[in-house]
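Trainee: Read off the chains here:
Number of protein chains: 2
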Amino acid sequence: MSEKIRVLVLGTGKMGSGIARLLLQKEGIELVALFARRAERAGIDAGRVLGLDHELGITISNELSTVIAQCRPDIAIQATCSLIEDAAAEIRTLLQHGVSVISTAEEMAFPAAASSVVADELHQLAIKHNAAVLGTGINPGFVLDLLVIALTGVCADIRSISASRINDLSPYGHSVLTTQGVGLSPNAFRQGVADGSVVGHVGFVQSAHMIAAALGWELERIEEKREPIISTVHRETPLVTVEPGQVAGCHHTAVAYRQGRAVITLDHPQQIQPQLEGVATGDSITIEGSPDIHLSGSPEIPGGEGTCALVVNMIPRVLNAAPGLTTMAELPVPAAMLGDARMLVHGRLKP
Amino acid sequence: MSEKIRVLVLGTGKMGSGIARLLLQKEGIELVALFARRAERAGIDAGRVLGLDHELGITISNELSTVIAQCRPDIAIQATCSLIEDAAAEIRTLLQHGVSVISTAEEMAFPAAASSVVADELHQLAIKHNAAVLGTGINPGFVLDLLVIALTGVCADIRSISASRINDLSPYGHSVLTTQGVGLSPNAFRQGVADGSVVGHVGFVQSAHMIAAALGWELERIEEKREPIISTVHRETPLVTVEPGQVAGCHHTAVAYRQGRAVITLDHPQQIQPQLEGVATGDSITIEGSPDIHLSGSPEIPGGEGTCALVVNMIPRVLNAAPGLTTMAELPVPAAMLGDARMLVHGRLKP
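Chains A and B, in that order, give the protein sequences.
Residue numbers are given in my numbering: position 64 of the first sequence equals residue 64, and the series is strictly consecutive.
One rule links them: number in my numbering = place in the second sequence (from 1) + 1000.
Here chain A stands alone, though its shape is the one from the complex (with noise of 0.2 Å):
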């Protein structure tokens, strides 16, 4: 058998830690290095910032082109950044040394929405090395675009489409609390959403874009909406609390228009416990055309778990790819990898 895939994960924060730790897991598959943004981290032993109980031997480094060159990585998984913007510097240097990559950024899930000048070098310089680039994660790039897709699949003509995704925010960080608005008065969450620190779900515009292009849609615009929403009870999770009058969390909506008429809706309440106030977690797809289809979960899908396996089953896809940026829609579907990866692999790994 060849020599395992070798993967370079970036970001060692909730997100990298658990794609690396499943990667461990991984028959085929080499974790060889981590690169963490936060100098502080930088020689600290992996098998410490993954809560494993021993070292792995492999040294934490801040020097991303010093670390591809030491590890050789045929593809390097990113959960470091939200936006294209953020995320350009690193895939560019990934890609100039020859190797692929898979972002958890949103806004890479489909790059020209948010960017086209960046997306379009991003892809030229990822067909000058040979590499691929795919954005994804479980929204964007999957519940609220990929699974729609797929459903549409088996339409003959589609007339509308409206998704939802009612999650629970109570698991989260600092961080996520404080983009959704989570504890503050109606009016700071207004003036939150004016001054851009209230921010919703970063993915509606990529999501709504993925989705136009599968179909052959052109869309002229998007209208998004972000609502604060007041709790009537007293919520409290070990990092917030929330009093009645006060904000549990962010619905947020878009609304994709195509020849003057509402065809893509998408809606994304995110809060704290839910279930206070008798909402019910879920996905949920309905798409009114040639013939009708609904289907729907309910807990929803997983974000954080969903996404790290996500991330890692759709590697070899990656490494398959024809060089360039691709998105979820242009790939064969995602797969659980249950065997060894390299069964998978008939393309692009380091000689």
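Bear in mind the hints are in silico, worked out from the structure with no lab data behind them.
Positions of the beta carbon are idealized from the N, C-alpha and C atoms, including for glycine.
Misleading hints may appear alongside valid ones.
To give an idea of the interface, some chain A residues facing chain B are shown, with a C-beta separation under 7 Å as derived from the structure [to be verified]:
id: 1; residue: ILE149
id: 2; residue: ALA150
id: 3; residue: GLY153
id: 4; residue: ALA156
id: 5; residue: ILE158
id: 6; residue: ALA214
id: 7; residue: LEU215
id: 8; residue: GLY297
id: 9; residue: PRO302
id: 10; residue: GLU305
id: 11; residue: ALA309
id: 12; residue: GLU330
id: 13; residue: PRO332
Pair ranges (Cβ atoms, derived) [as the list claims (entries may be wrong)]:
id: 14; chain 1: B; residue 1: GLN1259; chain 2: A; residue 2: HIS234; range: 47 to 55 Å
id: 15; chain 1: A; residue 1: PRO238; chain 2: B; residue 2: GLY1278; range: 42 to 50 Å
id: 16; chain 1: A; residue 1: ARG221; chain 2: B; residue 2: GLU1055; range: 39 to 47 Å
id: 17; chain 1: A; residue 1: ARG159; chain 2: B; residue 2: ARG1221; range: 40 to 48 Å
id: 18; chain 1: A; residue 1: ASP45; chain 2: B; residue 2: GLU1085; range: 53 to 61 Å
id: 19; chain 1: B; residue 1: ARG1221; chain 2: A; residue 2: LYS14; range: 36 to 44 Å
id: 20; chain 1: B; residue 1: GLY1278; chain 2: A; residue 2: ALA262; range: 32 to 40 Å
id: 21; chain 1: B; residue 1: ARG1221; chain 2: A; residue 2: GLU63; range: 50 to 58 Å
id: 22; chain 1: B; residue 1: GLU1224; chain 2: A; residue 2: MET343; range: 25 to 33 Å
id: 23; chain 1: B; residue 1: GLU1003; chain 2: A; residue 2: SER160; range: 30 to 38 Å
id: 24; chain 1: A; residue 1: SER2; chain 2: B; residue 2: ALA1262; range: 29 to 37 Å
Dock chain B against chain A, hints included.
Mentor: Same frame as chain A, now just chain B:
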């Protein structure tokens, strides 16, 4: 813009006609010919067989080689049969002329499961003539396999998979009702299972193998069971009457084993008028793993309408595919084709 994609349809039954009518509505596609096995259809204008109010100027042929040579299709859709042995001769003829194929034959969804010899021969022939072959449909091809596989993509590990499809046979014709044992006594049903006249669903073995192959699982065996659905009420359709104590349909299940354990359970009870006993139709997928996944929808995705759409929507995927036999799990996800089909194709069109 380049020439339209030239499509030949084999089969003028319910499925072939539905596919042909849909092709007529699609931009960038030209229905160039219809082939019928039934000699009595030869020479009739396609418009009549498709139930249109005008002639199409396309004469139905039952000489496959001749119609290929005359009409030079880029791709053919085969809707003439269910079994690989029955499908193979037409597929061979198409491949020898360099024509790619999408087949609704259930056994073509994962051809090696029914005959690795024929599958290998067709694969080599397709490669030799630079053509691709896909078998697909709602089931097998989508609900109990592709959709299951896509959902496993967000799992790090999987213990077991179960999927069910409860549908209503009321709209179907005599041949389907007969092969499902509708209207028989329970004894006659069991006799029919024994002598092969009661078939149940064709496709479980294909779905189970497609799932296993995607996950990297080796299956030890697949056990199928066909049980009569004995009605407790009077049920009636224009074609058949079922009294209490008689058979309303076939409850067909398949269980696939790996390492001594049941890992894939597929359940497909088919009967007329299930609602008369309070049974709701629907599709449902449950994955026990990390994480658990559950998704369901009611009513079921319609089999006939959905298969016609899916087959047409896969045309660009198959024209872009690598030469040889392929499966739904190896191609990009299907998507409703609502724009010009030519925009999606970058391979294998006749010059």
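Trainee: None of the hints should be skipped; say for each whether it holds.
Mentor: Hints, one by one, checked against the model:
no., hint, result
1, ILE149, "holds (5 Å)"
2, ALA150, "holds (4 Å)"
3, GLY153, "holds (3 Å)"
4, ALA156, "holds (4 Å)"
5, ILE158, "holds (5 Å)"
6, ALA214, "holds (4 Å)"
7, LEU215, "holds (5 Å)"
8, GLY297, "holds (4 Å)"
9, PRO302, "holds (5 Å)"
10, GLU305, "holds (5 Å)"
11, ALA309, "holds (4 Å)"
12, GLU330, "holds (5 Å)"
13, PRO332, "holds (5 Å)"
14, B:GLN1259 / A:HIS234: 47 to 55 Å, "holds (49 Å)"
15, A:PRO238 / B:GLY1278: 42 to 50 Å, "holds (46 Å)"
16, A:ARG221 / B:GLU1055: 39 to 47 Å, "holds (44 Å)"
17, A:ARG159 / B:ARG1221: 40 to 48 Å, "holds (45 Å)"
18, A:ASP45 / B:GLU1085: 53 to 61 Å, "holds (60 Å)"
19, B:ARG1221 / A:LYS14: 36 to 44 Å, "holds (42 Å)"
20, B:GLY1278 / A:ALA262: 32 to 40 Å, "holds (37 Å)"
21, B:ARG1221 / A:GLU63: 50 to 58 Å, "holds (53 Å)"
22, B:GLU1224 / A:MET343: 25 to 33 Å, "holds (28 Å)"
23, B:GLU1003 / A:SER160: 30 to 38 Å, "holds (33 Å)"
24, A:SER2 / B:ALA1262: 29 to 37 Å, "holds (33 Å)"
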